[in-house]
Structure formats: structure tokens, C-alpha cells
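Working from the sequences, and respecting the hints, build out all of it.
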Amino acid sequence: MTGNRPLQLPLGRERSVKFLPWLIGFMTFLATLSLAAALLVNALAERWDQGLDGRLTIQVPHVEPPDSVEDELRLDAILKVLTDTPGLREAEVLDDRGMANILAPWIDDPTLVAELRFPVLIAVTLDGGELSDRVLQDLSERLEEVAPGTYVDTHRRWLVGPIRLADSIELVAVVVLLMVMAAAVLAVIFVTQTSLTIHRSVIELLHLMGARDLYIAVQFQNYSLRAALFGALAGLFGAGLTITAISYALVTADDGFVQPFQLGLSAWLPVSALPLAFAAVAALTARITVLRHLARL
Amino acid sequence: MVRLEGVSLRYREGPEVLHGIDLELEPGSFHFLLGPSGAGKSSLMRCIYMANKPTKGRVMLFGRDVQTLDRDEQALMRRRIGVVFQDFRLLPHLNAFENVALPLRLSGESSRALDSKVAELMRWVGLADCLESYPATLSGGQQQRVAIARAVIGRPSLLIADEPTGNVDERLAMRLLFLFQELNRNGTTVFIATHNQALVQRFPYPFYRIDDGVLSLGRRTAANPVAAGAAGG
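Those sequence lines, one after another, are chains A and B.
Numbers 1 to 297, taken from the working numbering, label the letters of the first sequence in order.
Numbers 1 to 233, taken from the working numbering, label the letters of the second sequence in order.
Keep in mind that the hints were calculated from the coordinates and are not lab data.
For glycine and all other residues, C-beta sits at the position ideal for the given N, C-alpha and C.
Please note: incorrect hints may appear among the correct ones.
[Said to hold, decoys possible] Covered by chain A, according to a simulated footprint, are these stretches of chain B (three or more residues, beta-carbon under 8 Å):
| # | segment |
| --- | --- |
| 1 | 11-20 |
| 2 | 47-56 |
[Unchecked claim] Here are the simulated EDC-like pairs of lysine to aspartate or glutamate, each with C-alpha atoms no more than 20 Å apart in a straight line:
| # | chain 1 | residue 1 | chain 2 | residue 2 |
| --- | --- | --- | --- | --- |
| 3 | B | Lys-53 | A | Glu-204 |
| 4 | B | Lys-53 | B | Glu-109 |
| 5 | B | Lys-53 | B | Asp-70 |
| 6 | A | Lys-80 | A | Asp-95 |
| 7 | B | Lys-53 | A | Asp-213 |
Have a look at this one:
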């Protein structure tokens, strides 16, 4: 007789309230895509960052007027400075062929590369991580002493623009996520207030029989929790399919730029937590809305 | 148990429907409230079971001024009051069992205790076969008995019934009043509003009469067993 006890308030039967799971579903879909975008862009920026981490390039200009012996002496001095600098594992001077390979996209004639007298490039591999600003400053000064005009390139300046763009995209995605969440809160408030109006007489009856405000609020809270969880799981499922389809399309395109667009397991975890977040927000919103409404009676 | 001091009531901007009512119901007493339709019986009842706040005056229940209670205290106090509404106010989406069980659920009664209590009371009001029936499938009289069962299931200290016999035949009306009488013998204070003078005549309890929102203590005379007394009370 007491199994499967029905709610004392017939919540969810009204037409105006039935759309709540759908609404939460669409919002979860959008929020999931936003969060996935933020996580992808973040991963992409980290990948760029890590790709250049642990490397330096040193540009050594040729002496003027041209003097190959002096160039060799300067290069030896530079390599000695690099050898004496702690934290550097390897320094490789790019020969004419290496330079020609690097410049091949722009200059396809190797002899022209030699004639143009580009600065000598030394690719330096660090022992690990980055050099501190102080060590870099010290290295630059010592190189400047032995070979004026030598430039130490940490590649950071190339990353400033892309990372700033990635940060902006990430910020926009997070703002969209928060706005979707705020819209969900407003929707739950509206639905709850409508429901409170519709069930006014039942609520009055429950009050007259001794129901506390919290007892009534918990009924709304539990209904919102279930409705939001159901809708959010459906929304997550739809978003998951969409992300998988996009990833698949990009991977099959195989243009060398697609690898970063695959959502990893660590990214799926926060994405999968979204339905729980939506359900919790909906439940809490309904509870607070009802308690505030009843307190005004 | 119940004391009203100079209670007046008006709904929103409407006319005053209760005028300076003084009333006292002693613990364990049984009173009727007689009056024609529109005289203010239901409004007076609503003030007692805290559905309406009086525009003027004071309502004291169980020794406390209800105006001074916070919402949780009001809820606890309402659990000590059983109310039979004139329009039954059964929840249409709950079956008869769940409707009757509602006050016990609100009090946090265990399911096992609740099952036996509800079944026993439903047998008593002659609806043992209707436990699973929904209000829409019950007759007016059956709905009224479910409403009465709901009002008394929690063994309230105060029972307020607004026209509890309005939709039942004479025989069942008597049976229900015997139920109220039994509750009263067990200590429940009973206050019944009715327009049925014949019913009041059959029971030896004191009665109040209300006309146009003015309450007076009734007195029984040989010529007229339910005549109005002098204004006051």
C-alpha cells in the first residue's frame, strides 16, 4: 500500500512544466559543446607551449666585412659559452643544408640561401623545462660579449598571439557556459513559480494539515532534480554524439592539424559531470524559489 | 483550547464578514456552530484553523497567540488540528488511502503504522473497499467520509468540521456524529459548523449561532431547542 508513494503535489503534469526536461536538455547540449570547446582550446594551447618547451635558437650574425675565419672563431667562442652554461644539453649548428631545408618553403634554391648570408642558427636543447630569466639574461650578455649582435630566441614571442587567441576563445566558451547555466536557473525559477501558482490550493491544503515549508520545497526540489537530470543526460548524449562526429570528421580529414581536436579522457570527465551540475543547480534553484515564495505568504 | 478575542475579518477590500467575535472553547468540549449559508460560519472556521489572519482581534490556540508563531511553529500547531472542509478538498491525484494517510506522512509516521491505522479507519467509515479509489470515482458521500477520515486519522486535539454531514444521508450523518462524539470522549475538542438544526437538536451539546458575521451563544428552550440567546459570547 505504501510502496511507490506518489508526490503529494502533482508536479510535472502541467503542460507549462513538462517542457523543463527538454529545456535543460538543450541547455546541457550547448553547455557541453562550450565546455568541450574551452577544454580543446586549452589543450591546444598547452600542446603548442609544450612543443616549444626545452628549446632555444641562437642566431649569430656574420661579421662585416665578410671574414669566414672570424666567423669560425666567433662560433667556437659561442659554443664554448654554451658548453659552460648549466642547463643546456646539446647545441647543434645548422649547416647550409639544414638552413636550406628550413627556408625551402620560401627559397627553393639552396645556392641562393648560401649567397644571402643568413645568420648562423644554433639549435639548443635544454636539460629540461625552461631557463630562468636570470640565466637567459646572463647567457645573452655573455654571447653578446663574444659575438655582438647574437640573439637568443626562446620562441615565446611567436606564441604570445596564438596563446592570447586561445585564451580569448576559452574565455568566451566559459562565458557561454555560465550564461547557459544562468538561463537554466531562470527557466527553473519560471517553471517553479508557475507550478506554485497552479498548485496554490494543494499547497494551502498541505500547509493547513501541518506541512512545513521545507517539506513542500523538497517536493519541488526532487521533481526538478529528476527532470533536470533526465534532460541533461539526454543533452549530454546529443553533445557527445556531435563531438564524436566532429572529431571523426577531422581525423579522417588527416591534414596534420587535427590531432589536437580529439577530446581526451581527462576532458570527458568534466564534460560528463555537467548533467550532475545542471541537476544540482536546478534542484537548489527550485528549493530556494519555493522557500522564498512561501516565506512571503 | 480556543479563544477568539474581538476577531473581525474582511477579505481584501471587501466588506467585513466577521464582526468583533469573542469565543472560547474549553479543552474537551463539544460545540456546534449554527447559521444559514453566508452567515460567516466558514470564515470563522478559517480563522480558527489559521487559514485566514483576522483583520482585527486575536486568536489564541492551545494557549498561544497564533500571530506570534513562526511558520514552523504554525505547522506544528496545525498538526494538532483536524479539519473537515466543506468542499472536502481531497487531492484528486491521490487515492483514498493516500489522502487519508497524508496527515500521518506529514508527521513522519512510519509506513507500517500508517498502513494499519488508515485501513482501520477506512473500515470504520465504511470505505474498506475503496482504499485504491480516486476521489473522482467516489460519490459525494464517500468523498466526505474520506475527508473525515483524513481529519481524524492523526487523533487531533481539536477537530473543526465545516458542514461535515452536508452530503450524506440522515443515517450516515448520525453515524459520523457518533464518531465525532467518540473522539470527543477521548479528549478531542470538537467544533462543528452546520446549518442542520435538526441534527443539533439530537445532541445535547452547546451551540453558537452566527448571523451576518455576529456570533451569539445559543440556548435551548422547550419551545425552540436551538433558539438564539442574547448577543455576546
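Taking the hints in turn, this is what the structure says about them:
{"no.": "1", "hint": "11-20", "verdict": "violated (count 0)"}
{"no.": "2", "hint": "47-56", "verdict": "holds (count 3)"}
{"no.": "3", "hint": "B:Lys-53 - A:Glu-204", "verdict": "holds, 14 Å"}
{"no.": "4", "hint": "B:Lys-53 - B:Glu-109", "verdict": "violated, 30 Å"}
{"no.": "5", "hint": "B:Lys-53 - B:Asp-70", "verdict": "holds, 14 Å"}
{"no.": "6", "hint": "A:Lys-80 - A:Asp-95", "verdict": "holds, 18 Å"}
{"no.": "7", "hint": "B:Lys-53 - A:Asp-213", "verdict": "holds, 18 Å"}
Going through the hint list in order, the structure does not satisfy hints 1, 4.
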